[in-house]
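*Asks:* Going by this note's numbering, the letters in the sequence shown line up with residues 14 to 97, in that order.
Because the hints were derived from the structure by calculation, they are not lab data.
Cut-off 20 Å, straight-line C-alpha distance, at most; resulting in silico cross-link-like pairs (PhoX-like, lysine-lysine): (1) Lys48 x Lys91; (2) Lys91 x Lys74; (3) Lys89 x Lys48.
Per label pair, the in silico range of CB-to-CB distance: (4) Lys74 x Pro19: 25 to 35 Å; (5) Pro19 x Pro96: 28 to 38 Å; (6) Phe44 x Cys92: 14 to 24 Å; (7) Arg20 x Arg62: 17 to 27 Å; (8) Asn29 x Asn94: 17 to 27 Å; (9) Pro19 x Asp73: 26 to 36 Å; (10) Gln23 x Pro71: 30 to 40 Å; (11) Cys92 x Leu60: 11 to 21 Å; (12) Asp73 x Lys48: 24 to 34 Å.
A virtual CB, placed ideally from N, CA and C, is assigned to each residue, including glycine.
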Amino acid sequence: MATVMPRVNQLDASENIVFYFINLGFFNPTFYTNKFFADAILNAVNLNRARFCQFFQPSDKGGASIQLLESDILRKYKCENCPN
14 MATVMPRVNQ
24 LDASENIVFY
34 FINLGFFNPT
44 FYTNKFFADA
54 ILNAVNLNRA
64 RFCQFFQPSD
74 KGGASIQLLE
84 SDILRKYKCE
94 NCPN
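Turn these sequences into a full structure, and let the hints guide you.
*Replies:* Right, dumping it as structure tokens:
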């Protein structure tokens, strides 16, 4: 994760690297308040909003997990950036 961290907030960051970083971060709730994670979220929304919003779908529909919405921080990101 440390290898990817410096790249996720760059404007020319690879979409796949940004989304990989966020997906890894979901498994460590203490990481949600990290500046790199917040920057990666903003970058992901700007790169591909639909793909970002897909994270919050149930896993059987291609999402990471609807349980992500149990986190106040992640629910805020979803509400601010996803239409539904």
